[in-house]
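Novice: Chain by chain, the residues:
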Amino acid sequence: MSNSFLASLGVLSLDSFGSIQNSIHQMGSFPDSDELRLKELHSFYNSELFERFIPNMEKYVIDHQLGGFMTSIDITNGRQVNSNKSAWYEGRGMWTYSFLYNNLKKNPKYLEVARRSKDFILKHLPKDNKFFTSAYDKEGRPLTGPGDIYSSLFVAEGLAEYAKASGDKQYFVLAKKIILACLDRYDSPDYDYYVAYLNPGATKILGPRVLGHWMVFLRTATQILENGPDVEMEKLVDRCLDACLNHHLNPQYQLFNEVLHHDFTRPENSYKDFAYTGHGIEMCWMLHFEAARRKDKLLFDRISEVFKRHVSVAHDHVYGGYFRSLDHVDNNTWKVDKVLWLQEEVLIGSLFMAEHTGDVWAKKLFNETLEYVRQSFVKPGNLFWASAGNRSLQDYAKVRAEHYHHPRHLMLNLLALKRMIKRNGKPSGLFG
Amino acid sequence: MNTKEFSRRKFLQQNAWAGLGLFGSVSIAPSLLAAQTITSPAKDLKKIAGLDFRKLREQYRKALLNQFIPNMDKYVVDHELGGFMCSVDILTRKLVNTNKRAWYEGRGIWMYSFLYNNLDKNAAYLEIARKSKDFILPRLPKDGSYYIASFTKEGQAIGNTEGDIYGNLFVAEGLAEYAKATADSSYFDLAKDIVLKAVQRYDRPEFTYNYKSEIRVPGPRILGHWMILLSVCTQMLRQKNDQEIRALADRCVDAIMNHHLNKEYRLLNETLAHDLNPLSDPVSTQYGDMGHGCETLAFVMNYAVLIKDSDLFNRSSKEFRRHVDASWDEVYGGYFHELVHVNNNTWTLNKLRWVHEEILIGAMILIEHTGDEWAINCYAKTEEYIRKNYVRPEYAFVIDSGDRKMQKHTQVRAEHYHYPRQLMVGILAIDRILSRGEKPSGLFS
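For the protein sequence lines, the chains are A and B, in the order given.
Here this note's numbering is used: the first residue of the first sequence is -4, the next is one more, and so on.
Here this note's numbering is used: the first residue of the second sequence is 8, the next is one more, and so on.
Treat the hints as calculated values from the structure; they're not laboratory data.
Please note: incorrect hints may appear among the correct ones.
To be verified - Which residues of chain A face chain B? A few of them, derived with a C-beta cut under 8 Å, are:
| no. | residue |
| --- | --- |
| 1 | 248 |
| 2 | 307 |
| 3 | 308 |
| 4 | 312 |
| 5 | 313 |
| 6 | 324 |
| 7 | 327 |
| 8 | 329 |
| 9 | 331 |
| 10 | 386 |
Here the structure is a predicted model, which means the values were calculated and not measured.
Heads up, the beta-carbon is just placed ideally off N, CA and C, and yes, glycines get one too.
Go ahead and model the full structure; you've got the sequences and the hints to work with.
Specialist: What follows is the structure, given as structure tokens:
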């Protein structure tokens, strides 16, 4: 990163809208280093979270009157493109603000944002086993029919975290109920879900097993388990691990296949060699977190190998960063756009590995990836980081304030950095 | 830049992936830092447990002198009429045809002369080179045009179409090396004459070449042409400081490093316009012959060693690393050779052995002169990949190419240039490393 670019990032200024534009803490550039500059990193993350993301969410995204999140804003100027809301984004936003409150700052304003989102979306809690409606207008009138499983799972994830923040256990019970209802539907042989992110026209599979589903189940259930034992959640987590490591992980090329048949056999159609590397990498840090929760070194080491494998395969050697979708492994067919969330999953996974093992590869990976993200997704003058773009990020999506993967990355890594600083940079010793 | 002492444990850790069996034969080296300049020099190469130089040298020597050369003698060399008949079924050991080519004569003259000059002063080797030279020289066109591509066993031209520049350049390369072997400078002069005439033809605006494009234009500038010119020039300059050859070598380096290296995505384009500007053709502008790219950059590094130019060495080695890392098949191992469309990330998926050998040669240059950690990793994983996938004891010669997983491979060709070159150059590099007590040369320190 050039000095002039760095200098431009280091200035805190107000734009013509009176919003905070550039709050990035000035930080050196160490893309090829295996040294983690913990205090500088902590300042950077802290500044990005509390001086850029939160104030701009407050000003442009949160509906302070009716509750909820309106994320369709132009990140270059704050202009609202539409005021729609969605179950996905309410669940995610509820989680973000509750997690922030629980782990980083007990500011009642954060809890209030989560509460209002909860009140907004729970009015639409389906009475039967259906999933939440996908989209609503600002006032909460449905704009679509029932959404997908993620609509309900993200609401459940948000409710579980909100239960912890508010101390109100009814939301914990409700979260579990939603999760188990989702699981029940997912386990039905006629479960209907179309994995549209391979290619339009890919043959639909009835009752598919989907890596992305296990991923969100796993994350939601393990967060619940962090609060104490729960037999049903333990069982669900065990199932997720088994599905991922014994079925989705392709034994021939050691990459996760995104889609399997209901009985876990591999499809013979275009899904056969489909490895959605974005989910694969995201899944790895969630598995790492679970291995750490269990203090299971063998599992942790195994996941480290799988994580390294996915990161190496998905790396774009020409323009940097990581590709999200290997549409056909043997034909080497990739989607070449770039999404912020995947880069941030790499940052979470690599810092977590570094924290617990001191792994040099992980440290280098973290430094290199953070440098890449800062150069490519953090556009000077923008209110939020770009959520996606073309391969070189010369063109990028301007309409979306991403309020889940991004703050999750900032918060999880900020917490990791705090722990690492406390230990003077030494590995956690969790595994001896 | 970090200066690190290598440790046995660290190297073994980095290469432990191969031993885990998780990823088949392929080690996963930390190659994520391709775009950066990373040089981690080892001060003492003895400490690198993964590369046992003595063992490797012995392995190379046996492969060259106990297997390759006897089989060349038995199945490929035309002892009667001179020349090389390379269309051998490597499993059945039967000749599929008896044709000869200017390319292969030049390469064969070079290979036997180099072997004689550097490893074994066996008169039989020189005799094979001489007979090949006598076979091909009478067929050199007098008008400066390029050799007809193929000939019958007896030397009759097959067809009357002019071949490409490479036929002439390989013959020149062979003759220059033969001149050294025989101490007959007339062959050096003839080699120089062939090279300069080949360039004259290349410099004509109406020069044609079948490069990859939607619509071809005359007078293209081709990376592969600069590559072979630079290789020949570097070898000739090692024999004699010739100003014209030096100027040509510098011209090649300028074309490669300042023009073919694409400014947007920092990979070498195979083709440019005659004035060295980028083409507007949608196919050519996105096309990278990555095999040529890796080989070319290794040649530039080699030239930088000759002229002791540390800046050129650093620039070319940085780009070499980038090309090698970009070409590595992260899923199945080995290197892809052709990036058909850079921005779409579209690769041709088959695997060519020679690309791997040129990468070994380039990595060895880095190891010898800097002890570069990346190069050691690269060498170890590439060496392992080649031995596992291309070398089979039941075959008379190494496999030339195959599909992505090397489950199906070609069977007809006795490859007698890249393969023995890597073995010979490798042996010589190891000898120099051992003679320095297994320490980097320090040429650029």
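Novice: Evaluate each hint against the coordinates.
Specialist: Going through the hints against the structure:
| no. | hint | in the structure |
| --- | --- | --- |
| 1 | 248 | holds, 5 Å |
| 2 | 307 | holds, 5 Å |
| 3 | 308 | holds, 4 Å |
| 4 | 312 | holds, 4 Å |
| 5 | 313 | holds, 5 Å |
| 6 | 324 | holds, 6 Å |
| 7 | 327 | holds, 6 Å |
| 8 | 329 | holds, 5 Å |
| 9 | 331 | holds, 5 Å |
| 10 | 386 | holds, 6 Å |
No hint from the list above goes unmet by this structure.
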